[in-house]
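Student: These are the residues of each chain, in order.
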Amino acid sequence: MYFLLVILLFTGLGCKKVIDVNLNDADPQIVIEGNIFSTPGPYYVQISKTVNYSANNQFPPVTGATVIIKDLTAGQTDTLTELPKGLYATRKLNGIEGRIYQLQVIIAGKVYSANSKMPAAAQLDSVSFEKISRPGSKTDWYAVINYQDPIGISNYYLFTLFVNGRKINNTFVYDDRFSDGRYVSRTLRTDSAYINPGDSVRVLMQHMGKEGFDYYSSFSQVTGNGALQTISPANPNSNLSGGALGYFIASYTSTRRTLAK
Amino acid sequence: MIGASTYLLENPQKITLSNGYGFFSITAKAGNYKLVVNSTGYQPDTLSIALSANLTLVIKLRPAGKELAEVVVSTSRKNDQVTKPLMGVQRLSMKEMNSVPVIFGERDVLKTIQLLPGVKSAGEGNSGFFVRGGAADQNLILLDEATVYNASHLLGFFSAFNSDAIKDVTLYKGAMPAEYGGRLASVVDVKMLDGNNQEFHASGGIGLISSRLNLEGPLKKDKGSFIVSGRRTYADVFLGLSRDSSIRDNSLYFYDFNAKANYTLNKKNRLFLSGYFGRDKLGFGRTFGIDYGNSTATLRWNHIFNGRLFMNNSFIYSNYNYNIEIRSGVNNLLIKSKIEDLSLKSDFQYFINNDNKFNFGFQITRHLLSPGVVEASATSSFNSRALPLKKAMENAAYINHEYAPFDNFRLNYGLRLTYFALLGPGTFYSYDTTGNVKETIQKNDGSAIATYINPEPRFSASWLLGPISSVKASFTRNVQNLHLLSNSAAINPTDIWIPSSNNVRPEIADQASVGYYQNSANGMYEFFVEAYYKWMQNQVDYRNGAQLRANEQVESQLLFGTGRAYGIEWFLKKRAGLLTGWISYTLARTERKIEGINQGNWYPARQDQTHNLAIVGIYQLNKRWSLSANWVYNTGNAVTFPSGKYRVNGQTAYYYTERNGYRFPDYHRLDLSATLKNKPKKGREGSWTFSLYNAYGRENTYSIEFKDDPNNSERTIAEQTALFRWVPSITYNFKF
Chain A
0 MYFLLVILLF
10 TGLGCKKVID
20 VNLNDADPQI
30 VIEGNIFSTP
40 GPYYVQISKT
50 VNYSANNQFP
60 PVTGATVIIK
70 DLTAGQTDTL
80 TELPKGLYAT
90 RKLNGIEGRI
100 YQLQVIIAGK
110 VYSANSKMPA
120 AAQLDSVSFE
130 KISRPGSKTD
140 WYAVINYQDP
150 IGISNYYLFT
160 LFVNGRKINN
170 TFVYDDRFSD
180 GRYVSRTLRT
190 DSAYINPGDS
200 VRVLMQHMGK
210 EGFDYYSSFS
220 QVTGNGALQT
230 ISPANPNSNL
240 SGGALGYFIA
250 SYTSTRRTLA
260 K
Chain B
0 MIGASTYLLE
10 NPQKITLSNG
20 YGFFSITAKA
30 GNYKLVVNST
40 GYQPDTLSIA
50 LSANLTLVIK
60 LRPAGKELAE
70 VVVSTSRKND
80 QVTKPLMGVQ
90 RLSMKEMNSV
100 PVIFGERDVL
110 KTIQLLPGVK
120 SAGEGNSGFF
130 VRGGAADQNL
140 ILLDEATVYN
150 ASHLLGFFSA
160 FNSDAIKDVT
170 LYKGAMPAEY
180 GGRLASVVDV
190 KMLDGNNQEF
200 HASGGIGLIS
210 SRLNLEGPLK
220 KDKGSFIVSG
230 RRTYADVFLG
240 LSRDSSIRDN
250 SLYFYDFNAK
260 ANYTLNKKNR
270 LFLSGYFGRD
280 KLGFGRTFGI
290 DYGNSTATLR
300 WNHIFNGRLF
310 MNNSFIYSNY
320 NYNIEIRSGV
330 NNLLIKSKIE
340 DLSLKSDFQY
350 FINNDNKFNF
360 GFQITRHLLS
370 PGVVEASATS
380 SFNSRALPLK
390 KAMENAAYIN
400 HEYAPFDNFR
410 LNYGLRLTYF
420 ALLGPGTFYS
430 YDTTGNVKET
440 IQKNDGSAIA
450 TYINPEPRFS
460 ASWLLGPISS
470 VKASFTRNVQ
480 NLHLLSNSAA
490 INPTDIWIPS
500 SNNVRPEIAD
510 QASVGYYQNS
520 ANGMYEFFVE
530 AYYKWMQNQV
540 DYRNGAQLRA
550 NEQVESQLLF
560 GTGRAYGIEW
570 FLKKRAGLLT
580 GWISYTLART
590 ERKIEGINQG
600 NWYPARQDQT
610 HNLAIVGIYQ
620 LNKRWSLSAN
630 WVYNTGNAVT
640 FPSGKYRVNG
650 QTAYYYTERN
660 GYRFPDYHRL
670 DLSATLKNKP
680 KKGREGSWTF
690 SLYNAYGREN
700 TYSIEFKDDP
710 NNSERTIAEQ
720 TALFRWVPSI
730 TYNFKF
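Chains as they are written, first to last, in numbering that gives the first Met the number 0: chain A, 0 to 260; chain B, 0 to 735.
Derived from the structure by calculation, the hints contain no laboratory data.
Heads up, some of the hints might be wrong.
As the list claims (entries may be wrong) - Once the Cα atoms are required to be at most 27 Å apart in a straight line, the calculated DSS-like pairs of lysine-lysine come out as: (1) B:220 with B:59; (2) B:28 with B:13; (3) B:94 with B:680; (4) B:280 with B:337; (5) B:266 with B:59; (6) A:15 with B:706; (7) B:573 with B:681; (8) B:706 with A:16; (9) B:166 with B:681; (10) B:28 with B:166; (11) B:13 with B:59; (12) B:280 with A:137; (13) B:220 with B:266; (14) B:572 with B:622; (15) A:166 with B:337; (16) B:222 with B:166; (17) B:706 with A:48; (18) B:622 with B:734; (19) B:59 with B:734; (20) B:219 with B:706; (21) A:130 with B:280; (22) A:209 with A:69; (23) A:209 with B:437; (24) B:219 with B:337; (25) A:84 with B:706; (26) B:437 with A:116; (27) B:390 with B:337.
A quick note: this is a predicted structure, and the numbers were derived from the prediction, not measured.
Modelling step: build the complete structure from the supplied sequences, incorporating the hints.
Tutor: This is the structure we're talking about:
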């Protein structure tokens, strides 16, 4: 409820405080993150487990899993090499637009799998900036992404923002339900203003299939982004079978870098 | 005068109440009688009548003395709660409404009914409410018979009703008589004042946040009168004084008008015209703005056929719409949505005799729903589009019998038959279980794509155990064909109303209740205990990650299931004396079972609050000072909290198991207020009201957010946001 925060600002009567909440524990769940990009490999699959809410943020990696990615279009199979810390890397796969990839993870005899088709190429045109004034005569800088949405087909995008090499942990995921075929200019409204004049800003655009949009739009509601938390949170819509959290997404990527000015 | 009780002194047990227009009918053999007329807040009157033929009388009552202690609780009216068969009905007098302290000093009808048993608040800063476990859209809120779709201003901090303009509020908690229908949980029937038809008066109030002005007077003395009320908040006027343009360009205000006029054409005909117009505006600099509001208009014609048959015809218009404007960079976007109703309603009341009365009538309503029109500029990132307009007909016919077969046994039963049709032309879809389109249906004419006919039986009975105690039982069915889609706990201004269709079936609620009622011998105390059980069908919930906004296929995002709610309500009220007030306590549960949520198991609805307690006290200290206080307590809402966490994309994400398995912390709050009446000068009155909302400043939970600890990256924390601590206010009220 963004408006409510505005009102709070004016009345100055609202307050926040950290409280103790007694949360139940749950059995550890498998978390799989798998990406195929259009840039050259290797591509990585990260496998870890959930921990109890009260525990430290140390998420145990899952080692010894069998991870296979198939390029179903080209009929290629790649068994991934295990690296430290639950990371698995492809050896020979290439991410090509239009191809369908299949992930298969076997942990202790249980199989988790998903398919993902890499959509056609889409380019991020440029990154510009929007300056918004704030009470106290301050100006906040936000990055603006500009791109042409292909007309007539459904398109889904994920944008990742890097400021001075640091990844900003906000999820920007959009579909083209309202902007099909338009030249889109959108401000990436982060929860805080991270950009200062002179900063090096990089934006990565991932053009994904619908499973990517379904995952990331429901994901943004269960991460600590505050204002976006819905009243009935539930685990994000994953395309992985077998009950794992996480996703497997093949996306076409495009990057732009600029200096904030 | 509504609900005035009339009886012949020769037969004091047979009491007849005046109806919504002040009409009543008594049958007696020819002879001499003394007719007694009573109404709370007015001096009783006794008239001598020589009855030889049918007689029409117009009776006026004088207001009772100003001091509360002098108000005599009339002998007959005070026992209505005990004797009348209707259950789950509560009426609030405007005097009580205006004595209860509320936030910002703004008297608020909808906040006051939340102090009654069975009615739960939607939370801090919300006008939405839940009755007997029902959802926030299951309350039918009527202003002079017109539906008010969003009964709140400024996101729920104020209600849409200016209490200066209101005569009467009646709350029906599910067991409504057959003349009402359309929502499952309750009816809040708000009637506007008619205006003084003797002389002109002005009244109003000036407060810290808002002000109001009320003007009333005769159109023609004794024949017609009018009343006009308006109010506006001006918190944002102070913003305009700032030199900082990012503050100056924000807006946050609402205004509303109520107007009513009535005219008595002759002894048998009377006309009424009432209207309401309200608007809210919230704006954030030049980048974002939203404005929304209701407008209603009702034209009514009362006609008395003879001493027994009364008719009312109403033409009703109701509109709720919102506009969102976004201007960011090159993006200029205007999103509009509305719901608009046009109704014709006819109600008849036929008084056979004092123990036997029929109500019957019909209503025809045409709904027009525009779920979203997007207007984008040429350079905008967005396309202009208009979601297709939806048209629906919602009609009903009813008949109701109020009958007392024996002296101590009374019935109020009836049947309401409703018809709902979603009409073409348009494109309609049907979906499979995963929400994908199964079939696209193109309709080119105005015939119906879906029709629903539902009988709604209503039955209540009361057995008098003695003159001032009774036992009652009731069974009712209610059907609802308009559904509000919202992903928040209470009504957002931009939530979407959708009609029943080929995918969305009408919601149905069956409620059974029993109760025991007891008044004290001197009429000082009123007590009841009521227990209810409600079965609900076709309740709506949402898929995970549902896309509700401007979605032509929004029905694919919905999940359906059943609900059940049960509870016991206790109510004790002291009606007279220097100290008046009431205590209400509800112990209740409300749950849902929906395929696709919580593995298809029963889960508590968000508005499930096990305990709900309100204590209200009003004390007349002396001739000039009166004090009031209320203390409320309820168990926190049911919420979904995580049971674990993990990392994806470098961010901490939370793992959820059951739905609504946890509770917010308990909510409680004390409000105080004191009113000082100025010494009355010639024809002028004034008073000062000082109030303190949340007198001990408890930080009641508005939301709880789970996030990484900003001071320790190894930990995650839970952060609570509370909206208000102490909120004082001062209001000056005047009348002349």
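Student: Now, for every hint given, state plainly whether the structure supports it.
Tutor: To see whether the hints hold, each was checked on the structure:
no.: 1; hint: B:220 with B:59; result: holds, 14 Å
no.: 2; hint: B:28 with B:13; result: holds, 14 Å
no.: 3; hint: B:94 with B:680; result: holds, 22 Å
no.: 4; hint: B:280 with B:337; result: holds, 16 Å
no.: 5; hint: B:266 with B:59; result: holds, 15 Å
no.: 6; hint: A:15 with B:706; result: holds, 13 Å
no.: 7; hint: B:573 with B:681; result: violated, 34 Å
no.: 8; hint: B:706 with A:16; result: holds, 12 Å
no.: 9; hint: B:166 with B:681; result: holds, 26 Å
no.: 10; hint: B:28 with B:166; result: violated, 35 Å
no.: 11; hint: B:13 with B:59; result: holds, 21 Å
no.: 12; hint: B:280 with A:137; result: holds, 25 Å
no.: 13; hint: B:220 with B:266; result: holds, 15 Å
no.: 14; hint: B:572 with B:622; result: holds, 23 Å
no.: 15; hint: A:166 with B:337; result: violated, 42 Å
no.: 16; hint: B:222 with B:166; result: holds, 19 Å
no.: 17; hint: B:706 with A:48; result: holds, 18 Å
no.: 18; hint: B:622 with B:734; result: holds, 18 Å
no.: 19; hint: B:59 with B:734; result: holds, 22 Å
no.: 20; hint: B:219 with B:706; result: violated, 66 Å
no.: 21; hint: A:130 with B:280; result: holds, 25 Å
no.: 22; hint: A:209 with A:69; result: holds, 20 Å
no.: 23; hint: A:209 with B:437; result: holds, 18 Å
no.: 24; hint: B:219 with B:337; result: violated, 38 Å
no.: 25; hint: A:84 with B:706; result: holds, 24 Å
no.: 26; hint: B:437 with A:116; result: holds, 23 Å
no.: 27; hint: B:390 with B:337; result: holds, 12 Å
Against the hints set out earlier in the document, violations occur for numbers 7, 10, 15, 20 and 24.
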